[in-house]
Amino acid sequence: MTTFDFLLQGLTVALDPMILMYALIGVTLGTAVGVLPGIGPALTVALLLPVTYGLDPAGSIIMFAGIYYGGMYGGSTTSILLNTPGESASIVTALEGNKMARAGRGGPALATAAIGSFVAGLLATLALAFLAPHVVKLALIFGPREYFALMMLAFVTVSAAFGESTMKGLTSLFVGLALAVIGIDGLTGQARLSFGVPQLLDGIEVTTLAVAMFAVGEALFVAAQTRGLDDRIHAIKGSVAMTREDWSRSWRPWLRGTAIGFPIGAMPAGGADIASFLSYGAEKRFARHPEEFGHGAIEGVAGPEAANNAAAAGTLVPLLTLGLPTTATAAIMLAGFQQFGLQPGPLLFVTAPTLVWGLIASLLIANIMLLVLNLPLIRLWVKLLMIPRPWLYAGILLFATLGTIGVNPSPVELSMLMIFGVMGYFMRLHGYPIAPVVVGLILGPMAEQQLRRALSISQGDWTTLVSTPVSAGILAVALLALVVPMILRWRGKGAVLSQIAGDED
Amino acid sequence: MSGFQSETGRRPRGAAFIIAALLAGLGGLLIWQGRSIPEKGGYAGIGSGDAPVFIGGVLLLLAVAHVFIGIRHGMAAVPRQHPVPVLLIVAGLALQLILLKPLGFSIASGLLFACTAAAFGKRNVAISLPIGIAFALVIYGVFDGLLKLSLPGGFLESLIFGS
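So the sequence lines, in the order shown, correspond to chains H and P.
Counted the way the numbering used here counts, the first sequence spans residues 1 to 505.
Counted the way the numbering used here counts, the second sequence spans residues 1 to 163.
Note that these hints are calculated values from the structure, not bench results.
Treat each hint with caution, since some may be false.
What the hints assert, rightly or not - Here's a subset of chain P near chain H, in silico, CB distances under 7 angstroms, partners left out:
#, residue
1, Pro52
2, Ile55
3, Pro85
4, Phe113
Don't be surprised by glycine CBs; every beta carbon is placed ideally from N, CA and C.
Just chain H, same shape as in the assembly (with noise of 0.2 angstroms):
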């Protein structure tokens, strides 16, 4: 069968009216979730891991991909109105989309977000399915070598390549890993620092972490800001119908953002964060009124939002089809793999068809969804915004402890809630990123336990990494990847780096 037929078959798996549902359920709490300044799509899956044990896995996964979609959505509505990014891959929309909202333009903005959103999630999704089919042919002939080398790969750009300070991302990384070898060794049952505490055994739950540090976290930090945060909202003037100007200025950025964002995405090089600073930075360089940028240029607003769906849906394919999350996302969404006995890869194609493509073919009824929600519905969204920060932080965390609260209600849980959070506080403060942390506690076993096959395979030859073209190829990008910003950043041109900080999504 060609892909095309295999999508065929996917959709009708995604219009049955069960799994639409869950799809609307998905695309509905992702774009809140993207609203809502403080609470990002990789929060909200952590937070709604738990609450799906019982329901159907396909539903459920369909349901997370639909969050992690809205979610890019929903986040340039904050940008616009607000100045707040609603989630961290919409930081640069805020440099532009704001402006246009003073400026009384923050219905054509909040359109071309949308409708980029649209052009670029489609795209993406269709490159993801006939993409996904090769990499999956390729992937039945890595190895564990080659394995170990991509989460290198993953570990470096979520960790060192980007953001302002090498030392920080690594400190991030290995204090992830070194959460990731408390428990049973997964190869020789072995309890390794577990001092004897028998919730330790099982090692720390991706979620308890991730829910800590992002939510938790954040609420702390946010609180404890002395300066209050610059939240006047702007309404929406007029109406949110784009001229024909704004259209004609509008097309090639979003065509551009997906081609900047799928890639970026796809590779394991860093979420959708980065693909949205590096679609701004080309938008600025093509622009035709370059004068324009800072004060409001509906292009810096359409790349962006673009680049970052694209790089969203660029994310499902090393995950669906090597089991490799490249995001903070990504990782919790594995978390979610695995929570219904699946494990994404390139078996999962052969396994799960139904549930691969009816997947992929929901995200392209998702991406319509959300054309409407974003569109039509928009001031309704706003009215989110209108929500007082006391209670809307209060409601987080009384839902970031529930999911613990739900999995496992022992004290020591809910001890490593509280610590976790206190220490994504001090790591927001001093700058140090989370999502290395969190995409560490998941690759990190991973990773070792790939590393030690390779090398029983190879009865303790340590050059069996290099030994192949793919393995050796991908170790030299990672060494590069680590290398030259070191250099960059030492040679005073880090400040670019620093802007492109990887965060959460």
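Knowing the structure of chain H, use the given hints to seat chain P on it.
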């Protein structure tokens, strides 16, 4: 890692040294624990204990890097922080943790809700506590009843939802 609390935001250089000390402590712990695992490398030549030893080693290197940065440059200055809201939220989490078993989900979580709201400026507990408890009760009803997530109930839950 709870030792993180002990730093103040106003002495950037001090912060670098405190973080370095914490990293060194964590690294040392990993190396000590990794070493104490009996060596069974098998065919691979590396066993259960080697990953902790390696990670611990890198953490020690990162600690040295922090000391170096602290002496040379100091860390970036940190904006002034309000300690009271942070303590209020942590106190809310602690209250929930302690009272979850004896008083049930709704009252414990309502207290967390009220503490967080207070941290963000809504200090009137007479309003925020009832809202929090009512909100938690609704969540309890939805999640325990419909979604089969077992939440610890107390007298309030059994009074309203039966047992």
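To see whether the hints hold, each was checked on the structure:
1. Pro52: This hint holds: Pro52(P) lies near chain H, its Cβ roughly 5 angstroms from the closest one there, short of 7 angstroms.
2. Ile55: holds, 5 angstroms
3. Pro85: This hint holds: Pro85(P) lies near chain H, its Cβ roughly 4 angstroms from the closest one there, short of 7 angstroms.
4. Phe113: holds, 4 angstroms
Comparing the model with each earlier hint shows no violations; every hint is respected.
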